[in-house]
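A.B. asks: Protein chains in written order, with the working numbering: chain H, 10 to 124; chain A, 29 to 139.
I should point out that these hints are in silico values taken from the structure, not numbers from a laboratory. By construction, the Cβ of each residue, glycine as well, lies at the ideal position given by its N, Cα and C atoms. Please note that the accuracy of each hint is not assured.
List of simulated lysine to aspartate or glutamate pairs, EDC-like, C-alpha gap at most 20 Å [unchecked claim]: (1) K50(H) <-> E43(A); (2) K126(A) <-> E93(H); (3) K70(A) <-> E67(H); (4) K50(H) <-> E73(A); (5) K84(A) <-> E53(H); (6) K49(H) <-> D86(A); (7) K30(A) <-> E53(H).
Looking from chain A toward chain H, a few residues come up when the C-beta cut is under 8 Å (computed) [said to hold, decoys possible]: (8) Y67; (9) S71; (10) M76; (11) K126.
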Amino acid sequence: DTEVTQTPKHLVMGMTNKKSLKCEQHMGHRAMYWYKQKAKKPPELMFVYSYEKLSINESVPSRFSPECPNSSLLNLHLHALQPEDSALYLCASSHSRGAGHDTQYFGPGTRLTVL
Amino acid sequence: QKEVEQNSGPLSVPEGAIASLNCTYSDRGSQSFFWYRQYSGKSPELIMSIYSNGDKEDGRFTAQLNKASQYVSLLIRDSQPSDSATYLCAGASYNTDKLIFGTGTRLQVFP
Numbered sequence: 010d011t012e013v014t015q016t017p018k019h020l021v022m023g024m025t026n027k028k029s030l031k032c033e034q035h036m037g038h039r040a041m042y043w044y045k046q047k048a049k050k051p052p053e054l055m056f057v058y059s060y061e062k063l064s065i066n067e068s069v070p071s072r073f074s075p076e077c078p079n080s081s082l083l084n085l086h087l088h089a090l091q092p093e094d095s096a097l098y099l100c101a102s103s104h105s106r107g108a109g110h111d112t113q114y115f116g117p118g119t120r121l122t123v124l
Numbered sequence: 029q030k031e032v033e034q035n036s037g038p039l040s041v042p043e044g045a046i047a048s049l050n051c052t053y054s055d056r057g058s059q060s061f062f063w064y065r066q067y068s069g070k071s072p073e074l075i076m077s078i079y080s081n082g083d084k085e086d087g088r089f090t091a092q093l094n095k096a097s098q099y100v101s102l103l104i105r106d107s108q109p110s111d112s113a114t115y116l117c118a119g120a121s122y123n124t125d126k127l128i129f130g131t132g133t134r135l136q137v138f139p
């Protein structure tokens, strides 16, 4: 089973709202990732968690706040977003960080629209 | 700057033909490569991974890696209209924790 789940599938929020995206995997993977993808562009890495600790932050604005409550869950808290933050947000997981042969499996994504 | 380059396409092939998707990379430290298929509005789906020089076959798909030439390719035999999607090539190296994605090649298979 290589399933990563994400909720919600779609989210519309105003610039003053606070919302959260959720990601879950039960493959025993110890690395989890958040990506942002704009139309006709490749996924753009935002954050990497390894063994529940934040290991990479790709200079993401503080209005995006990641959280890894346990090895199966990953959240992305959103606050005071801008319309240009509208995108498909993808979660991925892999066995372990930096293993070279480590395949990342993507969830279905959350389509975020910021009004 | 570590880069993975792909022709954005579209690559148009008739149904039943072989589609050939190509990718070059600049980082000689890259160890493993992945092909993802992405339908419009959906998330990337892993098609193939390849780590060693040579060919790797899985059903209608064959991945080819040439580390000397820094070249990766994906061949799709007996192409079907359902293969129409964007194909993302990605590379990874042991000394980084990131996948470096190409910009993707859009494949169109027409009946």
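A.B. asks: Decide, hint by hint, whether the structure agrees.
C.D. replies: Against the structure, the hints come out as follows:
no.	hint	in the structure
1	K50(H) <-> E43(A)	violated, 26 Å
2	K126(A) <-> E93(H)	violated, 24 Å
3	K70(A) <-> E67(H)	violated, 23 Å
4	K50(H) <-> E73(A)	holds, 15 Å
5	K84(A) <-> E53(H)	violated, 27 Å
6	K49(H) <-> D86(A)	violated, 27 Å
7	K30(A) <-> E53(H)	holds, 14 Å
8	Y67	violated, 11 Å
9	S71	holds, 4 Å
10	M76	violated, 10 Å
11	K126	holds, 6 Å
Comparing the model with each earlier hint shows violations of hints 1, 2, 3, 5, 6, 8, 10; every other hint is respected.
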